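Turn these sequences into a full structure, and let the hints steer you where they fit.
Quick note: the sequence shown, position 21, residue 21 per full-length UniProt numbering, numbers continuous.
FYI, nobody ran anything at the bench for these hints, they're computed from the structure. None of the values given here were measured: they were computed from a predicted structure.
Have a look at the derived ranges for each label pair, beta carbon to beta carbon:
(1) D122 to T40: 17 to 27 Å
(2) G73 to E222: 33 to 43 Å
(3) T49 to G128: 35 to 45 Å
(4) S37 to E247: 21 to 31 Å
(5) P35 to D125: 16 to 26 Å
Dumping the calculated BS3-like pairs for lysine-lysine here, alpha-carbon to alpha-carbon at most 25 Å:
(6) K276 to K244
(7) K244 to K160
(8) K203 to K58
(9) K54 to K100
(10) K276 to K253
(11) K58 to K133
(12) K276 to K240
(13) K160 to K100
All C-beta atoms, glycine included, are put in the ideal place defined by N, C-alpha and C.
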Amino acid sequence: MQIQERGEKASGFDVSRRGFVVTTLATGFAAATQPVSAQTIATDAKGLTAGEVKIPVKDGEIPAYRACPAEGGSFPTVLVVQEIFGVHEHIKDICRRFAKLGYYAVAPELYARQGDVSKFTDFRDIIGKVVSKVPDEQVMSDLDAAVAFAKESGKADTAKLGITGYCWGGRIVWLYAAHNPNLKAGVAWYGRLVGDPDELHPKSPIDVVDKIHAPILGLYGEEDTGIPVNSVEAMREALKRAGKTAEIVLYPKTPHAFFADYRPSYRKESAEDGWKRLLAWFKANGVA
1 MQIQERGEKA SGFDVSRRGF VVTTLATGFA AATQPVSAQT IATDAKGLTA
51 GEVKIPVKDG EIPAYRACPA EGGSFPTVLV VQEIFGVHEH IKDICRRFAK
101 LGYYAVAPEL YARQGDVSKF TDFRDIIGKV VSKVPDEQVM SDLDAAVAFA
151 KESGKADTAK LGITGYCWGG RIVWLYAAHN PNLKAGVAWY GRLVGDPDEL
201 HPKSPIDVVD KIHAPILGLY GEEDTGIPVN SVEAMREALK RAGKTAEIVL
251 YPKTPHAFFA DYRPSYRKES AEDGWKRLLA WFKANGVA
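This is the structure in structure tokens:
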């Protein structure tokens, strides 16, 4: 697929440079997350087809991690949306966890055009130099491309489509549920719900409640300093007023990134409960 010239458009968003900054996925864990905790979960690839793939998009191709059972086909499909750190080892491991349970899981690198965050050690650089420059419209388009890639693989049943995301990706789950009418269910882990709009990020999840197509489960921590409880409760009320099928769980004495087993923020009890709820939510809503 030919890369477009500077100034051309792909799926409505501006292609601001020739080619892509990120052409292969990060190896290991992002630098900003070091040192990695001893409690880090490591899921092997035995019995799986797992590894990096290239997903065609309108202006070229982006790298992604894909995992599914090695035998059989037509597996329920899960989009796994990265944390702020991109598709590093933790996100890859989550894909393998899904694959071990009989899912086709795919995690596209959604910062591919803007930059490689895996080498940054300062959160301010991650946000200021890369993440803040990633348009929501681009992300929606790339997730659609990941679904198309899964469908064309012959291994995925995209009629049984779910999405889950963490931190930065948790916000994306809500937005994608308002974007894709074919989504069956979503699970958002501690994704931001409100915020100040800008040109690249015109809407927050709370602004698109009326447009949400699929049942969404939100998993949040009561002691998340970046996502105040009042914003979680405001989202809960907005969903209720809109008559949406949704559930928000607020874990007491729990910080942000409580599912991130490789970081000090990990809370085993809340993480394991959230994972069980995720699997039950997917099963109850057609992603199984």
